[in-house]
Amino acid sequence: MIQSVLVSGFQPVTDYPLLRFRQERPAIVQETTERALQAVLSASAPEYVINDACLQEIRRLSESSAQEEVRGLSDWKRLWRSIGGKSRRELEHDLHGLIGDYCEDVAGGFNQQVYTFATRVVPPALSLLLTPESPLRLPLHMLQPQKLLELLAERLIVQGPLDHLRTLAQKGTLVCVPTHLSNLDSPVMGYALQASGLPPTTYGAGKNLFTNPVLGFFMRNCGAYRVDRRIRHELYKDVLKTYSQVILERGYHSMFFPGGTRSRSGRVEGRIKLGLLGTSLTATIEGFRRQAGLSRGPAVKPIYIVPVTINQQLVLEAETLIADYLKETGKARFIIEDDESAQWRKVVDFVRSTMTHTGAIVIRFGAPMDVLGHRVTEAGESLGPHGQPVELARYFWVHGKPQALAQRDGEYMQQTGAAIGRAYRRETVLLPTHLLASVLWRRVCQALPGIDLYRRLRQPLDLHVPHAELLSDMERLQNLLRHKRHHLGPRADGTPEQVVEAALAAFGSYHTEPAALRTPSQAVTVGDRQLLYYYQNRIESLGDEQ
Amino acid sequence: MTGLQVAVIGGGRWARALAGFLLHTQRRSPDRISRVLHYRPPRELLRAAQEDTRSDHDVAHTDVPAAIGEVPDVSAADSAQQAERKQVTAITLADLSAAEVIFLAVPAPSVRKVLALAAPYLHGAQTLIHAIGSVIPASEECPHTTLISHAIAEETPVRKIGVLAGPALAPDLEEFAPAALVCGSRFDEVGAQAIQVLSGHSLLVYTTHDLIGVELARAGSSVIALAAGVANILDLGTPARAILITRGAAEFARIAVKLGAEERTFFGLAGVGEFVAATERRGSADFELGRLLGQRVPLAEALKQVGRVCDGPAMVREAHLLGHKVHVRTSIVSALYQLLHGKFDTKDALMALLSTDVHNERE
Numbered sequence: 074m075i076q077s078v079l080v081s082g083f084q085p086v087t088d089y090p091l092l093r094f095r096q097e098r099p100a101i102v103q104e105t106t107e108r109a110l111q112a113v114l115s116a117s118a119p120e121y122v123i124n125d126a127c128l129q130e131i132r133r134l135s136e137s138s139a140q141e142e143v144r145g146l147s148d149w150k151r152l153w154r155s156i157g158g159k160s161r162r163e164l165e166h167d168l169h170g171l172i173g174d175y176c177e178d179v180a181g182g183f184n185q186q187v188y189t190f191a192t193r194v195v196p197p198a199l200s201l202l203l204t205p206e207s208p209l210r211l212p213l214h215m216l217q218p219q220k221l222l223e224l225l226a227e228r229l230i231v232q233g234p235l236d237h238l239r240t241l242a243q244k245g246t247l248v249c250v251p252t253h254l255s256n257l258d259s260p261v262m263g264y265a266l267q268a269s270g271l272p273p274t275t276y277g278a279g280k281n282l283f284t285n286p287v288l289g290f291f292m293r294n295c296g297a298y299r300v301d302r303r304i305r306h307e308l309y310k311d312v313l314k315t316y317s318q319v320i321l322e323r324g325y326h327s328m329f330f331p332g333g334t335r336s337r338s339g340r341v342e343g344r345i346k347l348g349l350l351g352t353s354l355t356a357t358i359e360g361f362r363r364q365a366g367l368s369r370g371p372a373v374k375p376i377y378i379v380p381v382t383i384n385q386q387l388v389l390e391a392e393t394l395i396a397d398y399l400k401e402t403g404k405a406r407f408i409i410e411d412d413e414s415a416q417w418r419k420v421v422d423f424v425r426s427t428m429t430h431t432g433a434i435v436i437r438f439g440a441p442m443d444v445l446g447h448r449v450t451e452a453g454e455s456l457g458p459h460g461q462p463v464e465l466a467r468y469f470w471v472h473g474k475p476q477a478l479a480q481r482d483g484e485y486m487q488q489t490g491a492a493i494g495r496a497y498r499r500e501t502v503l504l505p506t507h508l509l510a511s512v513l514w515r516r517v518c519q520a521l522p523g524i525d526l527y528r529r530l531r532q533p534l535d536l537h538v539p540h541a542e543l544l545s546d547m548e549r550l551q552n553l554l555r556h557k558r559h560h561l562g563p564r565a566d567g568t569p570e571q572v573v574e575a576a577l578a579a580f581g582s583y584h585t586e587p588a589a590l591r592t593p594s595q596a597v598t599v600g601d602r603q604l605l606y607y608y609q610n611r612i613e614s615l616g617d618e619q
Numbered sequence: 180m181t182g183l184q185v186a187v188i189g190g191g192r193w194a195r196a197l198a199g200f201l202l203h204t205q206r207r208s209p210d211r212i213s214r215v216l217h218y219r220p221p222r223e224l225l226r227a228a229q230e231d232t233r234s235d236h237d238v239a240h241t242d243v244p245a246a247i248g249e250v251p252d253v254s255a256a257d258s259a260q261q262a263e264r265k266q267v268t269a270i271t272l273a274d275l276s277a278a279e280v281i282f283l284a285v286p287a288p289s290v291r292k293v294l295a296l297a298a299p300y301l302h303g304a305q306t307l308i309h310a311i312g313s314v315i316p317a318s319e320e321c322p323h324t325t326l327i328s329h330a331i332a333e334e335t336p337v338r339k340i341g342v343l344a345g346p347a348l349a350p351d352l353e354e355f356a357p358a359a360l361v362c363g364s365r366f367d368e369v370g371a372q373a374i375q376v377l378s379g380h381s382l383l384v385y386t387t388h389d390l391i392g393v394e395l396a397r398a399g400s401s402v403i404a405l406a407a408g409v410a411n412i413l414d415l416g417t418p419a420r421a422i423l424i425t426r427g428a429a430e431f432a433r434i435a436v437k438l439g440a441e442e443r444t445f446f447g448l449a450g451v452g453e454f455v456a457a458t459e460r461r462g463s464a465d466f467e468l469g470r471l472l473g474q475r476v477p478l479a480e481a482l483k484q485v486g487r488v489c490d491g492p493a494m495v496r497e498a499h500l501l502g503h504k505v506h507v508r509t510s511i512v513s514a515l516y517q518l519l520h521g522k523f524d525t526k527d528a529l530m531a532l533l534s535t536d537v538h539n540e541r542e
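Residue numbers (this note's numbering), protein chains in the order written: chain A, 74 to 619; chain B, 180 to 542.
Among the hints, a few may not be true.
[As the list claims (entries may be wrong)] Simulated crosslink set (DSS-like; lysine-lysine; CA at most 25 Å straight-line):
(1) K419/A - K280/A
(2) K483/B - K522/B
(3) K526/B - K346/A
(4) K522/B - K557/A
(5) K346/A - K400/A
(6) K483/B - K526/B
Since the hints were made in silico from the structure, they are not lab data.
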């Protein structure tokens, strides 16, 4: 059932929902606006909603400079002062306008030409530019895009029940939920979907990513919608949720990073952030209500959740992320505006390093599930714990009729989140860098016993692990991981010697100071301990119990 | 309000008392309960499950089979209920699919088997509330101690799971004596349904989201009842009982908090509330077992003499293991564990039960 693919094996899909997006965009914006307004007004009066939005935005914009804001500071102030003198009707009109502007700002775009260019031309071009062999020295036949794609496919490996997913993509709407380590994850996912014959998805991307003109151009035209994480008020969150629900109901395949943000510590996400993912549940219930004639609208296709792990031997932003994690542990995290992904030099170095190593990135799709975490057959049928078919609609019954219930659905979503967390642990693929980091980190802990993490990272330490000891440690770890049925990536499954070599080569190829390096005496010594800690966290977090 | 179809699974005294109680409510308020169904699992099933478990473990279980469905009705006052009980619709498994709320009260070792049989007829719209005072011991198929609620989620498609605990023994339900239950469930809906079908007459129903807490408190009561039986035969009086109740609650709270429960639950109706009822001489099999053990009757013999389902011995073992696993101190449980294994004389056990080297009450 699980299959590894080479890019050349599949015809890319030619018919997919996003092709309709340009046409439908105005209707989507309008529907989102109307429904968000309805939802907001059913819960509260317009003056409170506007008041809250104004106050939060005034505070935020007074403290930081405005960047492509929907409304400027003075607009917010004017709106806020005017609340008292307005009738309910006028306020509703203002709210309608505000929601409309937000929807317009959030809604993404899709351009088939740009998408085709981004997925068919860019990857071979990148591999050509960044292959360690200079393009001039490559034999002529290697310059064919096909050959270059094959080369790329060796570097970025896609695994999973792909036939099953392709079948379901025809029957229903896919919601991909990948683990999140890097800003490169969304392009990587875009590539993985295309390479395995799956349709492109729409996804939410932080507004800060759109400020880069090149990246912004591609994202705007490849189905991304904009999420401004600096805006904290409820109204904006309601707009986002409604937008996400509307596009799911309309059958657009979607992608959410349920960790909410990049994993700062390098751990596999254990706590799943349920915000937008919850819209897959509300959209499903809306579908059942339409089916039962309780709500009007076109039929909603079934929604399938697909957990995906993105496993990288090196992480572009590792140094910044782990530093941020250590600084901010226990506190609210700030949004990093300027990290390695904003520095072209670093990105180029990183991509070059990736292109040098076989299996540098492994994208592994897990088994698809329904919105409640049940396994799903090829026919799209939900299965209970012992493989018996279950009728999904019944889980939403209230006196025999499907209905949304906030508390119940929140609890259901928690359970789905837990199921996704378990899938992540099952489907994580470990690569040589993770293994070497884990072995060395254990040595660091032994050398500096009984102290907390922060001191362990800073206390002077001169640790050399002799080659033979390192190999036996490595073998022990490999056997333990195999025994626990974790997946070892293509080069992590070799002899201990090969794994160590692969990891040292990878570490040495990108980071400012490698996490580990070889000494002249053939021992291995510890370099950047923060990075070591970061990469070993991947393995450590697999043991996290719910 | 729309009347709910309610089913009871189980053939023991408590299950029958509950079915009778529900029928009583149905008579008086059809808008709350439209129908009461009662499924009694076949005795072979319960017997087989019981024997399986016994062969796996050194701590013997009771001689249950004879007891299932055969408990002599102690109280004479329940003749009215007996008459009503006859009108409870006895059903087959397939009829379970019609029920909206299902109560499960079968011996812990047979839970998985009963659930596996019922699973094909259960579905996602249903609520399943159990009232089982034990956990499922680790076995070859499943290497972990399993909470009943987890077993329900593993064996059936049901997601809306609840648990009942509290001072409401079978005689209380039979006689409509004032009693109270807590329904623990992650779902508000389940709590609301429990109130709809149970609350009223003589029964108070409270709700909490702390499912695990209520489950473990319920399971803890059989251990405390056992300890109280030992204390009772040695004529220790009320203060000893008070110590067992409060320190027992603290002990189970320590374990349960590590498993995600809330401490408060153990000092409410599900914990202390049920412990007070369980340490009284009335009706509890584990209490009687404790009295026999206190008289130095060997465990196997004592179990035979009691002749009813005793959750105590298995729970002592599981609580002992759990405490060890989550690294918490368990003094009452450990003393009973030693006693059950014949490593302690009654007197030593008693000393251990009522002694401590920790003097901070919050620890």
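Evaluation of the provided hints:
no., hint, in the structure
1, K419/A - K280/A, "holds, 21 Å"
2, K483/B - K522/B, "holds, 21 Å"
3, K526/B - K346/A, "violated, 54 Å"
4, K522/B - K557/A, "violated, 37 Å"
5, K346/A - K400/A, "holds, 22 Å"
6, K483/B - K526/B, "holds, 23 Å"
Hint compliance for this structure: hints 3, 4 are not met, and every other hint is.
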